[in-house]
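As a plain string of letters, each chain reads:
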Amino acid sequence: MSEIVIKVKDLVKKFGNFVANDHLCFEVYKGEIFGFLGANGAGKTTAIKILCGLSKPTSGEINVAGFDAYHETEKIKKSIGYMSQKFSLYEDLTITENIRFYGGIYGLSAKEIKLRTADLLEKLNLTEAKDKLIKDLPLGWRQKLAFSVAILHQPKIVFLDEPTGGVDPITRRQFWNMIYEAAHNGITVFVTTHYMDEAEYCNRVSIMVDGKIAALDTPENLMKTFQVENMEKVFLKLARG
Amino acid sequence: MKRFKGFVIKEFYHIFRDYRTMVILFGMPFVQILIFGFAITNEIKNAGIAILDNSKDAVTQKITNKILSSDYFKLEKNLINYSEIEDNFRKGKIKEVIVFEHDFAKKLEKEKKAGIQIIADASDPNTASMLSSYTLSIINSYQQEMMKYQKFPMQIEPEVKMLYNEELKGVFMFVPGTITILLMLISAMMTSISITREKELGTMEVLLVSPLKPMQIIIGKVFPYIFIAFSIAIIILLMGFTVFGMPVQGNLLLLLGECLLFIIMALSLGIFISTLCKTQQIAMMISMFALMLPTILLSGFIFPIENMPVPLQILSNIVPTRWFIIIIKAILLKGVGIAYIWKETLVIAGMTVIFIGLSIKKFKVRLS
Amino acid sequence: MSEIAISANNLTKKYGEITAVNGLSFEIKKAELFGFIGPDGAGKTTLFRILSTLLLPDSGNATLAGFDVVNDYKKIRNIIGYMPGRFSLYQDLSVEENLKFFATIFGTTIKENYELIKDIYIQIEPFKTRPAGKLSGGMKQKLALCCALIHKPEVLVLDEPTTGVDAVSRKEFWEMLKRLKESGITIIVSTPYMDEAGLCDRVSLIQGGNIMSTDTPANIIKAFNKTLFAVKSHEMYRLMQDLHEWDATETTYLFGQHIHLTIQKGNKSEIAAFLTDKQHKEVEIQEIEPNIEDSFMRLMSKH
Chain X
1 MSEIVIKVKD
11 LVKKFGNFVA
21 NDHLCFEVYK
31 GEIFGFLGAN
41 GAGKTTAIKI
51 LCGLSKPTSG
61 EINVAGFDAY
71 HETEKIKKSI
81 GYMSQKFSLY
91 EDLTITENIR
101 FYGGIYGLSA
111 KEIKLRTADL
121 LEKLNLTEAK
131 DKLIKDLPLG
141 WRQKLAFSVA
151 ILHQPKIVFL
161 DEPTGGVDPI
171 TRRQFWNMIY
181 EAAHNGITVF
191 VTTHYMDEAE
201 YCNRVSIMVD
211 GKIAALDTPE
221 NLMKTFQVEN
231 MEKVFLKLAR
241 G
Chain C
1 MKRFKGFVIK
11 EFYHIFRDYR
21 TMVILFGMPF
31 VQILIFGFAI
41 TNEIKNAGIA
51 ILDNSKDAVT
61 QKITNKILSS
71 DYFKLEKNLI
81 NYSEIEDNFR
91 KGKIKEVIVF
101 EHDFAKKLEK
111 EKKAGIQIIA
121 DASDPNTASM
131 LSSYTLSIIN
141 SYQQEMMKYQ
151 KFPMQIEPEV
161 KMLYNEELKG
171 VFMFVPGTIT
181 ILLMLISAMM
191 TSISITREKE
201 LGTMEVLLVS
211 PLKPMQIIIG
221 KVFPYIFIAF
231 SIAIIILLMG
241 FTVFGMPVQG
251 NLLLLLGECL
261 LFIIMALSLG
271 IFISTLCKTQ
281 QIAMMISMFA
291 LMLPTILLSG
301 FIFPIENMPV
311 PLQILSNIVP
321 TRWFIIIIKA
331 ILLKGVGIAY
341 IWKETLVIAG
351 MTVIFIGLSI
361 KKFKVRLS
Chain D
1 MSEIAISANN
11 LTKKYGEITA
21 VNGLSFEIKK
31 AELFGFIGPD
41 GAGKTTLFRI
51 LSTLLLPDSG
61 NATLAGFDVV
71 NDYKKIRNII
81 GYMPGRFSLY
91 QDLSVEENLK
101 FFATIFGTTI
111 KENYELIKDI
121 YIQIEPFKTR
131 PAGKLSGGMK
141 QKLALCCALI
151 HKPEVLVLDE
161 PTTGVDAVSR
171 KEFWEMLKRL
181 KESGITIIVS
191 TPYMDEAGLC
201 DRVSLIQGGN
211 IMSTDTPANI
221 IKAFNKTLFA
231 VKSHEMYRLM
241 QDLHEWDATE
251 TTYLFGQHIH
261 LTIQKGNKSE
271 IAAFLTDKQH
281 KEVEIQEIEP
291 NIEDSFMRLM
301 SKH
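Protein chains in written order, with this note's numbering: chain X, 1 to 241; chain C, 1 to 368; chain D, 1 to 303.
Keep in mind that the hints were calculated from the coordinates and are not lab data.
Computed from a predicted structure; not experimentally measured.
Be a bit skeptical, because a hint or two may be false.
Unchecked claim - Ranges between beta-carbon positions, derived for each pair:
1. X/Pro138 <-> D/Lys74: 45 to 53 angstroms
2. D/Glu284 <-> X/Ser59: 43 to 51 angstroms
3. C/Lys213 <-> X/Asn230: 33 to 41 angstroms
Stated by the list, open to error - Quick partial rundown of chain C residues pointing at chain D, CB under 10 angstroms, derived from the structure:
4. Phe4
5. Lys5
6. Lys10
7. Asp18
8. Gln32
9. Leu79
10. Glu198
11. Leu201
12. Leu208
13. Val209
14. Thr352
15. Val353
16. Gly357
17. Lys361
18. Phe363
Backbone N, C-alpha and C define an ideal beta-carbon position, used for all residues, glycine too.
Here chain X stands alone, though its shape is the one from the complex (with noise of 0.2 angstroms):
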């Protein structure tokens, strides 16, 4: 749990004179599951967009799966693996066209591809189902697939935003399970979620409130310090101030 793989020294972002992220500061260690929480508007989706690579910081010490945000960011989004609930899989392609083409993209030879391909259909049970369209499954089973889809590149670190939205518990509480495994194998995985039971599964969380880290700790920690008995009340005493 040493390793560092994300690193955050005083990151500052503004638009004109709005300041989106106000010097955040954090670490992420290799193999944790990092939940980034706050309220819309808060900065999240911003500070995702740097750290992905997608968007440049104003200021500060950013280094990613050890490369820097400023000039690295086409190693950084080699090393890193994105989904969210809205964009996640093409829905007019098939299970086996998706996969192939963002093995396709990341790089992966063709017999990779074919291999970990057979392994993914095998463990989400969708052998069977390998040449339907995307948009003729389940919400729930396309959240699975679209979260083994990011990782199909065993990228170092996976940023999930909001990935579990609108998921039934039960299909909820597998793609959690996935998450976990995902972990235990050494991928770091960040997320954010509306879930407060849902921050309670990660090792640490962060909390930001307009554009600064209110909290981060182990959800164990926070309540203790707040006391109060659930992640969803931290939450709200932090962000109504």
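Could you slot chains C and D onto chain X? The hints should help.
Frame of chain X, contents of chains C and D only:
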């Protein structure tokens, strides 16, 4: 009524806030007219012509002078016999040849009739038709001058011959054409897009659940575009008049009335399209491919309908713009009244009724 | 209070082979805050669209304030406030223009019903000239609610108003609904967030087009007729796997920092023995009261 007014106000907000589209809509007529117009006016100035004067008398000399004293023509060569005509056209220096028949002045006096042949290089049909019509009008005005001094009417009989494209029936077309295309584009495409946008955004759901009647929703959506389309038609006519001195020959009110009818037809077509599509993208594609291409290609704007293969000629009958181009040409250029174009007007009115009927049938008070 | 505001009888709607809503029946009382709780694809949106007269059911019938949703749709459209799942206001119109527009199409004015929306509108009033598209998620929901309320509807139909909204805004939103309910408006809400069930008077748990249970949240929890344990150890991932493979396990679900476990038979000490056997340390085992989500999952696995 108050509800309807509120709805229309909202539509105007949408339209005026989308200032990019506004700029395109109102900029387009200017750009199109200027491109079409100046490309053509430049050529008409000092166009090279040749004259074959078989008579060489006082009258032919007067007519020749009158033609050459205008800015449009420049005499490149005097020809001696017919065989030279083809040769000179081929060299490309001249665009028109004017031929006076033998004993022109004598015939005019004795028989009260004399012939002039105008031969134009119709490989460039627009220029050819313009040159010949300019020449004709100069000859006409000469004739009218002469009439003042003569007791008996006499007639110069000009005969126009188009070389290389003898079937050409085109006339000065671009103003009617631009009006037609733009009205079609704005009315049909913009309404179909603005209605499908509400579907896409999900606001249509809220509107349907409100006490607004479907008719109010549709008319409210369409209403602002009548104004916009109409003002664009007027802009084009004004530009045609100011930039090219192209007066409206016929009744202006009739012309505007026909424009209004055509706009309503195009709007109802737009509504009909929107009832078929779920997204703006599809509405746009349908408007582009199902409307724009036939409007340009099959309406007789660019390619004369008479020259098309028979199946396309038949197909062109269902293209609304084909009929409108006939109407607008007739009023704008020939100055005819409703008596000559009632059939075409009826066709467009009929199409309007059909599209409105179909839209009402297809428009649902519910989702899908 | 026993007057029926909404009733549905055997409502069914199919899309091709998929049955979105499968023979639903329920009754909702006047001034009740009623929740439909279920994941995406459970049929909530289809049901709400049928109730708002936007879709026709294939079979069955429903009434709103005594009006039939198929035949009397015009009357219903005058008395309901509907807020669809997606944000559906005009993004290019300002907050105030949106509100004004919806007031006019319902033949009223902002002033006339200001009392009703005052509490909510005050929070967004500072931004009234801002285009609706530029509001934050929570504020958009508040504006949409104002627009749905502006004509003083008898019934408020809110399709997933809190989806994608952060916990703070969600809480505020529910507080607003509580206050609206006091003023006599019947409110039906759908939500995928199980924890919101507790905020409703009564709920229907809905999954795959079927209602699994309709009752007060307290009664639904009571119906969980099984002892539920919360288990924890120093190594959660292995604990999960071990419990999953244990013969005695009936269900095992991750829940925050704990695993919620039901076993076929036996008690706490047997679980403790098993975990010691598997060399788990810092083991905590507690008997706990189930919550709605536990009940939902239990009902799901039964159906």
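Handout entry: Hint check, failures only
Key = The structure breaks hints 1, 3, 8, 9, 14, 15, 16, 17, 18; every other hint is satisfied.
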